[in-house]
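Modelling step: build the complete structure from the supplied sequences, incorporating the hints.
What follows is each chain in one-letter form.
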Amino acid sequence: MNGKALIQALNGVYEWVDKRLHVTDLFNHTAGHPIPKSSASWFYVFGSATLLCFMIQLLTGCLLALVYVPSAAEAYTTLEYLTFRQELGWFLRATHYWGSNFMVGIMLIHVTQVFLFGAYKYPREITWMSGVVLMLLTLGLAFTGQVMRFDEDAYWGLGIGAAIAGRSPMIGQQVVNFMLGGPIIASETLSRFFTLHVFVLPGSVLALVALHLRMVLTKGINEYPKPGQIVRKETYDKEYATIIKKEGIPFFPHGIWKDLVAASIVIGGILFCVLMFGPKGPLGEPNPTQIDTVPRPDFFFLWIFAIAALMPDYMETFMLLVAPPIIIGLLFILPFINNTGEKSWRRRPIAVLSVILIYLALGLLTYLGQTSPWSPDMKAWSGAETPREFVEGRSPLELQGLAVLQNKQCRNCHAIDGIGGHRGPDLADVGTRLTKDQLVRQIIQGGGNMPAYGKNLSPYETDALVAYMVSLHPRGEQPARDSAVPATPAPMSVQEGEQHAAVGAH
Amino acid sequence: MKIAALSLACLSAIALSGCDNVPGRPKKEDRRPEPHHVTDFKTLYSQNCAGCHGNGQSVGPVISMNDPLYLSILPKEQMRQIVTSGRAQNGMPAFSLANGGSLTNEQIGIIVDNIYAWAKNPPPANAPAYSAPLGDVARGAAVFAANCASCHGADGKGLKDKAGSVINPAYLGLVSDQYLRTITIAGRNDLGCPDFASRVPGKAMTNEEISDVVAWLASHRENEFGQKLAPAQQ
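Line by line, the protein sequences give chains A and B. With the working numbering applied, the first sequence covers 819 to 1324. With the working numbering applied, the second sequence covers 453 to 686.
Keep in mind that the hints were calculated from the coordinates and are not lab data. Mixed in with the good hints, there may be bad ones.
[Claimed, not checked] Only some residues are given here: those of chain B computed to face chain A with a beta carbon under 10 Å:
1) 478
2) 501
3) 518
4) 556
5) 562
6) 618
7) 620
8) 624
[What the hints assert, rightly or not] Simulated pairs of lysine-lysine, BS3-like, Cα-Cα distance not exceeding 25 Å:
9) 655/B x 1197/A
10) 1098/A x 479/B
11) 1226/A x 494/B
12) 1056/A x 855/A
13) 1197/A x 1076/A
Virtual Cβ for every residue (Gly too), placed ideally from N, Cα, C.
Now the structure itself:
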């Protein structure tokens, strides 16, 4: 058989299949559909890159599910098996972990680009709304995925999630039961989250991606916005048809090559992170009796972690239960609030400012979440050493005061010269800020976020603690003094200081 | 072209090394051990002891565990018992799981054994006994004047720019007689307080003198209302 005959035969097979499956038609309506020439831009690659990440997640997720056992008793063991024993198991876990990080990151860029390019306006409202749901589903996948890595972070993360859900008025307990499969975190909880993570959420994502892409095809991809080109409901459809007619090019091959280049960059980026940084965890075992831990969510939820830790208590219910529906609702109805008009970000200063402000806030909160200075250092009381200059030259009582400071776990929240927890102020120079009486009051009664220790300290312990803290002022710097008492020219001697401390605290 | 060649070279290098040596591959030692399975002395000591006792180089508020004299007078079994059950009167917490602490008996054993590995010197020939009953208060005052007054003052209330009071009721209320005895014997060499043998050059304190001076110190104990305590109440 010569070449010509072979091609003819293959063509015959193709035509037979095409007649039945309409492949050519499908291709012309999808990959071959015309797009405005201006839309074949590097700014338009983020949607497909997000979808690529999702595909990677599906593939690696299926492979992980071959080994992972979603039971509270065995999940941690299978994670350890995957990470340390299974050939290339670590690679699989790392790809799934970094794939999820990239997916959330690229999705955020995609949303931002769509917002700044005004692509949510008439007639693409449903495209935007389905995108908002996809974003929520992706965040849901990220959260449930974090629970699949069933370690101490997952355990406490779930605990916090349940505590937030439990605040719902009237039905709090029922919501918690529904979420955890009972009143506490147990095997039922993991089964529920597994079901969500591998069936419900990915299935919903696939359905919504179909809708999202269908809208892209029927309503066309947004043209690259030009300043001054105003969207009007009456004229837009005709204008878009004209653009397609005049300068329309088929997506394949004119637009797709940029998506393919972006796809290879994304795959390269994920592989780079996989090989350089590897998988995350598993950290310590999910053991509720082990409180010596600093649980922290994955990076995409660090900002929520920071808000939850930093907001004043009177805002908690509002921020946890009222604000999220409002924000999601606003995002959802954005196309109706701002349906027509300018698309170009060059003529939409409020849109640009909003993006800058939102990213600044998210960035700052993420940084704070990463450093989480509000988390106590639970081992500092027994492990944090004290620099020599804060021990030497102290009287026996003051040394005993330092021992009390360690034993009563003050160091878990208060550093001395940077060593220890950072929840409260550093004590290295507390003697210049508070007088002896103020220290006694602060320790006994607490205040300003500090618990009262009056019931946990004997008078002698308070005396010793205060005597030590009064001694904490840099050399040459005067200790704090009561402003109602005239300044004494010479500082108190060691003995006077101690007598003073002993009498004052009684 | 150059970029393509470079990428190809990198990929081949990774392929040749077989992913075994890439930095992202978790190593066995990255595995987070369950807290009760930690057996590394350095980790156990730095997490549980260094805050108060220093780490051998740094100093802490209470006696250093790297003090050869202290280690030579304190029987190992007794240290094990102190770590296990604590010394409530001195503020030393109990560390064993059975007593509400966070360490297993095996971990306590590792800590104690390794601390004693620091003890390089044999105990001095004239070393006093670790514990003994209280001595005579009147004799103790004289011993204090001879051995301690140069730094702590004739009345024990401390000297400016030297050392602070050792008869402060709050201080005495927070330490036991045994604590006072241990410090009298071992001193705090790391903080400039000499041990029993070097307070007065050439004249080491005897076992009885130490018991006497501890009795004198303990006689200054007061309750929280400033009333002197009889020895039985202390």
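Taking the hints in turn, this is what the structure says about them:
1. 478: Result: holds, 5 Å to nearest chain A Cβ.
2. 501: 7 Å, holds
3. 518: 13 Å, violated
4. 556: This interface hint is violated because 14 Å lies over the 10 Å limit.
5. 562: 16 Å, violated
6. 618: 6 Å, holds
7. 620: 5 Å, holds
8. 624: 9 Å, holds
9. 655/B x 1197/A: Distance ~43 Å between residue 655/B and residue 1197/A Cα, so the pair is violated.
10. 1098/A x 479/B: 13 Å, holds
11. 1226/A x 494/B: Answer holds: residue 1226/A to residue 494/B is near 24 Å, not above 25 Å.
12. 1056/A x 855/A: With a Cα-Cα distance of about 17 Å, the restraint between residue 1056/A and residue 855/A holds, given a limit of 25 Å.
13. 1197/A x 1076/A: Not satisfied, since the Cα-Cα distance of roughly 52 Å exceeds 25 Å.
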